[in-house]
Every structure is written in C-alpha cells, then in structure tokens.
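Please model the entire structure based on the sequences and the hints provided.
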Amino acid sequence: DSGVTQTPKHLITATGQRVTLRCSPRSGDLSVYWYQQSLDQGLQFLIQYYNGEERAKGNILERFSAQQFPDLHSELNLSSLELGDSALYFCASSPGGALSYEQYFGPGTRLTVT
Amino acid sequence: LAKTTQPISMDSYEGQEVNITCSHNNIATNDYITWYQQFPSQGPRFIIQGYKTKVTNEVASLFIPADRKSSTLSLPRVSLSDTAVYYCLPFSGAGSYQLTFGKGTKLSVIP
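Top line first, the protein sequences correspond to chains A and B. Terminal number for the first sequence in our numbering: 114, no gaps in between. Terminal number for the second sequence in our numbering: 111, no gaps in between.
Accuracy of the hints is not assured; some may be wrong.
Unchecked claim - Computed cross-link-like contacts, SDA-like style, restricted to lysine to any residue with a CA-CA straight-line distance of at most 20 Å: (1) B:Lys106 / A:Ser38; (2) A:Lys57 / B:Lys52; (3) B:Lys52 / B:Asp67; (4) B:Lys103 / A:Gly42; (5) A:Lys57 / B:Lys3; (6) B:Lys103 / A:Ile60.
What the hints assert, rightly or not - What follows is a set of in silico ranges between Cβ atoms, one per label pair, in the way DEER data are often shown: (7) B:Arg77 / A:Gly16: 50 to 58 Å; (8) A:Arg18 / B:Arg77: 46 to 54 Å; (9) B:Val55 / A:Gly3: 34 to 42 Å; (10) A:Arg18 / B:Met10: 36 to 44 Å; (11) B:Ala66 / A:Thr13: 45 to 53 Å; (12) A:Arg18 / B:Ser108: 37 to 45 Å; (13) B:Glu17 / A:Phe69: 41 to 49 Å; (14) B:Leu80 / A:Thr5: 42 to 50 Å; (15) B:Ser108 / A:Glu62: 36 to 44 Å; (16) A:Glu53 / B:Ser81: 33 to 41 Å.
Bear in mind the hints are in silico, worked out from the structure with no lab data behind them. Model, not experiment: these values are computed from the prediction. Beta carbons are placed, not taken as given, at the ideal position from N, Cα and C, and that holds for glycine.
Given below as structure tokens:
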C-alpha cells in the first residue's frame with residue numbers, strides 16, 4: 001500500500017459526459033501527479049500540482065483539467081469524453097516540488113467510456 | 001527529451017538472474033536513470049535510481065556504463081512474484097517535465 005488513495009476504482013460513462021476523479025496523496029506529500037495509461041500510449045504524464053499550484057504540465061488535453069485543494073487532495077476533471085479517453089488514470093504523490101524520481105502511485109481509476 | 005528503448009518482453013525461469021537493458025542514447029548530463037515496476041492493474045512502484053557506475057539496494061542492482069547511453073537493471077534470483085512490467089526512465093528533476101514511461105519490458109517468470 002503506497003498510502004495514496006484514489007476514488008472511484010471504476011467508472012463507466014457515456015461519450016460527451018464529464019467525470020471527476022479524486023486523489024488523496026500520502027500524508028505529508030505536497031506534490032500530486034496525474035497519469036493516463038492506455039494500451040496503445042503507455043503511461044503518460046498529464047499534470048503536476050505542488051501545494052495547490054500547477055507546477056508542470058505534460059500531455060494533457062484541453063478537455064481535461066485538474067486542481068489541488070488546500071487539504072492537498074486533488075481532482076482530475078475530464079469533460080466531453082470520447083471513446084479514446086477510456087484508460088487507467090493514476091495519481092502519484094511525492095514530498096517535494098521538483099519533479100521527483102521517486103513517486104508513490106495510487107491504485108488507479110479505471111475509466112470506461114461507452 | 002531522452003528516448004528509451006527496451007525489449008518488449010523477456011522470459012526467465014525462477015531462481016535465475018534477469019538483466020533488462022535500456023538504451024538511452026541522448027540522455028542529458030543532468031538525467032538520472034530510474035526504474036519502476038508495475039504489476040497488472042496497479043500503479044508503478046519505484047525500484048532503483050542511479051547516475052553512473054553501479055547502485056544496489058535490497059531489490060535490484062543498476063549498472064550504468066561510463067558513457068551512460070544505456071543502463072541494465074539486474075534482478076537476482078527472480079521468483080514468480082517478479083512477473084511485471086519494468087520501465088526505464090531517464091529523469092532530470094529540473095526543467096524536464098515530460099515523464100513518459102513508454103511501453104516497458106514485460107518480464108514473465110516461469111516456474
């Protein structure tokens with residue numbers, strides 16, 4: 001158990017809909033990272049937040065957005081969903097602000113868009 | 001951004017030593033080499049990190065030659081529970097915000 005929690009574990013929704021994925025980092029970690037893992041693209045970095053502020057951005061679509069709240073939990077919002085958005089979404093956390101080579105990953109949220 | 005090349009898959013018998021090599025020809029001076037392990041339907045788990053020469057921890061060893069254009073993850077005496085995907089990831093931690101794990105190497109340990 002990494003100490004990172006994600007909800008929900010599974011999510012099934014239809015194209016065009018909007019969903020919110022939630023992540024709670026390990027106790028004391030200030031950075032939260034979001035990743036998308038699909039069969040054809042591998043594990044892709046989406047975005048990082050550090051202590052409530054956006055710190056780094058990867059291959060995140062404009063239809064996706066994220067935020068980190070004062071209690072350090074984070075939410076990833078996915079809108080206008082397409083079939084291709086079906087994937088595993090992982091959240092990870094680390095103590096510091098710089099991109100850390102040692103990140104602790106949660107169990108993931110499996111999103112299925114039908 | 002350093003591009004990595006790893007074998008897509010490897011098979012090994014239980015009890016054998018497994019070496020997985022990753023090529024990273026255009027690695028930057030500031031990049032460290034990190035390796036992660038991922039079991040099916042779980043998030044990746046950090047295994048080991050190094051800059052050059054050899055690093056060893058309780059799980060694995062990492063060998064990085066002087067030119068740093070490749071690295072080799074060594075898993076001693078693998079067991080069935082080592083069946084997983086292993087990712088090689090050059091990482092600088094400063095200014096390099098593209099964390100792409102790639103497809104990794106799927107290791108299958110056979111009894």
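Okay, the hints, checked on the actual structure:
no.	hint	result
1	B:Lys106 / A:Ser38	16 Å, holds
2	A:Lys57 / B:Lys52	28 Å, violated
3	B:Lys52 / B:Asp67	9 Å, holds
4	B:Lys103 / A:Gly42	5 Å, holds
5	A:Lys57 / B:Lys3	19 Å, holds
6	B:Lys103 / A:Ile60	19 Å, holds
7	B:Arg77 / A:Gly16: 50 to 58 Å	52 Å, holds
8	A:Arg18 / B:Arg77: 46 to 54 Å	49 Å, holds
9	B:Val55 / A:Gly3: 34 to 42 Å	24 Å, violated
10	A:Arg18 / B:Met10: 36 to 44 Å	41 Å, holds
11	B:Ala66 / A:Thr13: 45 to 53 Å	52 Å, holds
12	A:Arg18 / B:Ser108: 37 to 45 Å	39 Å, holds
13	B:Glu17 / A:Phe69: 41 to 49 Å	46 Å, holds
14	B:Leu80 / A:Thr5: 42 to 50 Å	28 Å, violated
15	B:Ser108 / A:Glu62: 36 to 44 Å	39 Å, holds
16	A:Glu53 / B:Ser81: 33 to 41 Å	39 Å, holds
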